[in-house]
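Once you've looked at the hints, go ahead and assemble the two chains, each given alone in its own frame, into the complex.
Below are the chains, spelled out letter by letter.
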Amino acid sequence: MRILVIEDQADLRRLLQGILEEDGYAVDVAADGADGLAKAQVWPYDAIVLDLMLPKIDGWDVLEQLRETHKTPVLILSARDALADRVLGLDIGADDYLSKPFERPELLARLRALIRRTAGQAKSTLTIKNLQVDLIGRTITRDDEIITLTAREYMLFEYLALHRGKVVTRTELYDHLFDENDETLSNLLDVYISYLRKKLGADVIETRRGLGYVIPE
Amino acid sequence: MSSPSDAGSTTTAAQHQRDWSLQSLLIASHAGLVAIVVLGFGISLLAMTIHATYRQAEADLLGAAQVLLQDLGSRNDPSGLVISELYAHRFGKASRDHAYYAVWDASGQMLASSKALPPHAVRSATVPPTHGPRPFVARSQGIYLDVIVATPDDGQLLIGRPLAKEFDGLGWTAARLLTVGLICLVLGGWGAIWLARRIAKPIERMSNTAERITSRNLSERLEARQTPREITRLAIVINTMLDGLKSSFDRQVRFTADASHELRTPVSVVLSQADFTLSRERTPEQYREALETCLQSARRMKRLVDDLLVLSRADSGCLNLRHESTDLSSITEQAVRLLQPLADRRNIRLQTDLHSAPLIGDADRLSQVVTNLVTNSIQYGDMNTTVWIEAFAKPDAAFLVVRDTGPGIPLADQPHLFERFYRVDRVRTQEEETGTGLGLSLVAEIVAAHGGTIQVASTEGTGTTMAVQIPTNSHA
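From first to last, the protein sequence lines stand for chains Y and H. Numbering that gives the first Met the number 0 puts the first residue of the first sequence at 0, with every later residue one more than the last. Numbering that gives the first Met the number 0 puts the first residue of the second sequence at 0, with every later residue one more than the last.
Only chain H is shown next, with the shape it has when bound in the complex (with noise of 0.2 Å):
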């Protein structure tokens, strides 16, 4: 009936565990360890003291017993038997250390002993050995210790004596082992909570300086000084980490400004152009043109939209790659086909040299790679010249190479060649049809998801050649 009630404290207390500082636990867990060393010990030494002790009771009142056994054979009557007073020494002083005996003879009869004798002292019920490391029977009752000896006569000779000075001893011992197991308990205890302290504050440092990073801040490290060499290198780790993420972010937001940027002017064009046109009575002829410009500029967005898009989509790696059996060769050959106009209008000859080069891969995608490549080089070529394209395969990979006579590249322009937005100048472009800058880097990120490469060899003043490389059995 109560059960719900039993679920809701299970779950408090199991969070509350959960709770736990790393810092009580490191503290918890050392103070238990020193407690259990601590007190294992003490019980060990203490037991052992025990033991030592009694041995050397026993073998104090065996030679008692070896004295009484010779006095036993040295007189006819047993009842004047006296324990030497050379025992009294060792046995103690005081009235309540006093020993005592009994001398019983083979049929049980007991023949003499001391005074006092307590009611336990009786014989014993098994033949003592007179044999052997241990030729007695040793008998322990409350602070009694008896040991028992065969007499020549088959009799049996009982001595014992309490333990009250050996137990005072043990006593104090047990104090002495108390005490200093507590000190090294409340020392342990100390050095537990400083090194607690030691590994758990950096921590906090850094989940402190860990706060304050956001996606707004990404300039804040974490300090690494005078920790742990496990926790220097967590920091290191965490702002390595946090460096690949800031540039990665910084890229990011210099994408989206130059992407604004860009369409800008194209936005700029169709308000003023629509503004203007729309601001008095025009011809129709100037209506025609107005639009025709308005036209122009939203194909102009249009294609930066769609390029932005497989970007932003290749960043997120979804590109999502038909994996589809095609060849480079075919596809080379209707894009080539299609840019035929775009190379008519520059007076550049199109030269293909293309063969068989199967592979698996997205012939859209790889269709843009083509274009993209033969665009710019009759783009950015010389008028009247010839652009060479070839595909061709081997063992492993197909090919890709696209030639041109152009300007060439120039040294410094090259490693910044498939940046995004990045053009090397912009007078070379035809002004009716500007690149996006995007064209490049879109090659690059389709030919990485098919898993290949792109190798760029240019000469200013000779022509630039540009190849892609396939592999044709694996991609990612």
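Chain Y with its partners taken away, still in its complex shape (with noise of 0.2 Å):
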């Protein structure tokens, strides 16, 4: 999952960095409106965590301008915590609203949220075959055994899934999975599907040769 974050303060936008990173997700940072929307614009992100107070392009006008092409979903998480601010901005096109200060888990639950909505996924837990995945603790067990994962290995699984029944091309996988400065080689996510079938079953994600991967409904 690969979210932009999109705040003009240094402090907060490299601890929102590491806060996501660490969570698992690929992660894209812009300091200003400008570039912000650019980024936004060119890549589909997973989530966008955006702020109202930018240089150059103010959040409100970021928002309105990215709805008239994009869906991709937007949390804005603002220091503006009046009601017409949160009103106005669930209205331009806001799927959340988180006011500054917040708490870590709180942004990470809605970030979630978020991601699993805009899948279709409104339950927080899925089974595939015989593994019962747990979107919110980020496990996968069998027959009541943990299954333990990396994060992006996690992450790869995840994406696949709340895309089950639909082939996830090896790009669409890249543009998820890595942020814009990961340089990793384009033969890491073999790597990474033969971890997945060894530690969940060679059968739980199938190849389409010459289009991607799948996991079967």
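Please note that a few of the clues may not be correct.
[Stated by the list, open to error] Coverage of chain Y stretches by chain H, computed from C-beta distances (three or more under 8 Å per stretch; other residues unrestricted):
(1) 17-28
(2) 97-103
[Stated by the list, open to error] Some chain H residues flagged as far from chain Y (calculated, every beta-carbon gap over 10 Å):
(3) H29
(4) Y99
(5) P117
(6) G187
(7) S246
(8) A256
(9) V266
(10) E280
(11) L307
(12) G316
(13) T374
(14) M382
(15) D412
[Claimed, not checked] Beta-carbon label-pair distances, calculated as ranges:
(16) W193/H - A83/Y: 50 to 56 Å
(17) E332/H - R151/Y: 54 to 60 Å
(18) L290/H - D80/Y: 26 to 32 Å
(19) E67/Y - Q225/H: 38 to 44 Å
(20) E332/H - E67/Y: 53 to 59 Å
(21) R151/Y - R215/H: 50 to 56 Å
Source of the hints: derived by calculation from the structure; they are not laboratory data. Predicted model only: the values in this text are computed from it and were never measured. Cβ atoms here follow ideal geometry from the backbone N, Cα and C, with glycine treated the same way.
Below is the structure:
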């Protein structure tokens, strides 16, 4: 899962990046509205964390311009906590609104919910074959036994699981799993797939030659 | 022994008196005034009527006396004297109105008299005058009026009559006056009530409205229609005052909101950084970074809180300026020296031209003015440029001028420059050292507290000049 953080305050930007990366997300950052809007229009982010008081283009305008072409889920993270601001933010097209100062677990939970809902998955657990996937605890259990995955392995599996029944191309996987500064070699994806198959069972993820990967419904 | 209860009753009485409403005061004073006028008018009218009646009666009696005197001169025996029938009509025909007379010779011997002579009808002790405006002696006893004139042989002639008829007329006049007076009093009282209501009602309406005005509801305004001019003026004055109050209240509310908003970001950083760092084991290097981030945010909060404190002191009018003899150029020199490292970081040259500029003021606060102005020029100006700082004195004032060749301030932003939390454009600030947005507000407050002024000249793309002028002799 790949997230864009648009925040002008350097400390907070670094911090948000740290928090999200540690939670397994690929994170891109932008320090002003113009940069943020450009990135948001280029990359297929799974969610955007948007501050409102931004240099160059403010958050309201970023959101408005983005909504003309993109449906990317947006969470506004702002120091403005007046009711009017929250209502306006949601009306313009934000999917959620969190006011500063925020609590880290709440931010992460809201982002998880946002990503889950966008994928058409309202429940926080899902079952694939004999695997139980807990999207909140980020655990996969088989016969009450927890299977340990690395953060990146889990993100890869979660992406395929949330889009199960649909063939996901390698490019799509790259765009959603690695941030813009990641220079991972392309064959690393094959390595992660093979790890997942080893841990979860060979038949969970199928390869469609020339197309990509799919978890059948 | 009863003094405490006495004292108690006096206070209640005093309170009672103070509790009189404006309406009843107006009614009482108006009605009182009308009563005094009516009473005075009636009494003087009655007195004049009585006086005139007596004069008339005197004149009539004097006429009758002259006729009697002539009669007396023409006959030897005074006993056959009769008051002329001519006067019966004037004096009244009823038996109670009948006139009487008596004649005395020089020795005081009564020569003649009418049959029914009242007991008081005796000769006068003084000799009646024969010349002058009143050649007679008038004497009134009860309802009787006597007129005594001298006879040619130094005797006295008395003629008198009861004034019953006139007294009846006077009684009628008095009754009429009383009736008219009462009518006037009633009309006046009614008018007083009407007038008092007219004055008191708008006041009552205004106080009802005013009662609804609280700190949470300052938008209510007093109605000033169909009221006397003075009350309309009062309403307008109060409304103007409320407008001022509301705008200052709104400013305060916005200021508080802005202040809390500005505090949210550093609080977020400290809170989330600490929480994030503690969520698992970290390397010493990571702990160090986290603490540095927290420290930086805490410093930012401290700056903000310090500035807010000074501003709130300025707002409540207790900036507590010291009045000491100091020199603007030495203050500037010290402040600029402290800012050198910040300027070096942006490769900006600080060019000073300082001449002695003595004044009376608060050196610490003035140093803050210099620091804030120069810091702005350094942070918002372009890199690798020069900032000029001048201090000099003119006969009446000390001057500080800070000039940079930065990007300048857009014309639209210039009027708001000294507003709290107003930022021209956040992109131009240096990220590590974001201002609090209060710097120029503080400068303005401190300069104003010194009785001085600050002027801004800025052209986009050319640079900004800020000139502070502080009077050297007098300030608030």
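Given the hint of 50 to 56 Å, check if R151/Y and R215/H actually sit that far apart at their C-beta atoms.
-> holds, 55 Å
Non-interface claim for E280/H versus chain Y (Cβ beyond 10 Å) | The claim holds: E280/H sits with its nearest Cβ about 12 Å from chain Y, beyond 10 Å.
Are there three or more residues in the region 97-103 of chain Y whose C-beta lies closer than 8 Å to some C-beta of chain H?
-> As far as the region 97-103 of chain Y goes, the hint holds, because 6 residues have Cβ atoms under 8 Å from chain H.
C-beta pair E332/H, E67/Y: status relative to the range 53 to 59 Å that was hinted = holds, 56 Å
Claimed clearance of chain Y by M382/H, with the beta carbon kept past 10 Å = The claim stands: M382/H keeps its Cβ more than 10 Å from every Cβ of chain Y (closest is about 18 Å).
Beyond 10 Å from each Cβ of chain Y, as asserted for Y99/H | holds, 108 Å
Examine each Cβ of chain Y, and state whether all of them lie more than 10 Å from the Cβ of V266/H.
-> Violated, because the least Cβ-Cβ distance between V266/H and chain Y comes to about 4 Å, which does not exceed 10 Å.
Status of P117/H, Cβ more than 10 Å from any chain Y Cβ | holds, 105 Å
Pairwise beta carbon distance, E332/H to R151/Y, judged against the given window 54 to 60 Å = About 59 Å separates the Cβ atoms of E332/H and R151/Y, which means 54 to 60 Å holds.
Hint check for A83/Y and W193/H - Cβ pair distance inside 50 to 56 Å | holds, 52 Å
Reported absence of H29/H from the contact zone with chain Y (all CB gaps over 10 Å) = Per Cβ check, H29/H is outside 10 Å of chain Y; nearest 56 Å; holds.
Does 38 to 44 Å hold as the CB distance between E67/Y and Q225/H, or does it fail?
-> Check failed, 57 Å falls outside 38 to 44 Å.
In terms of the numbered hints stated before, the structure departs from hints 8, 9, 19, listed from lowest to highest.
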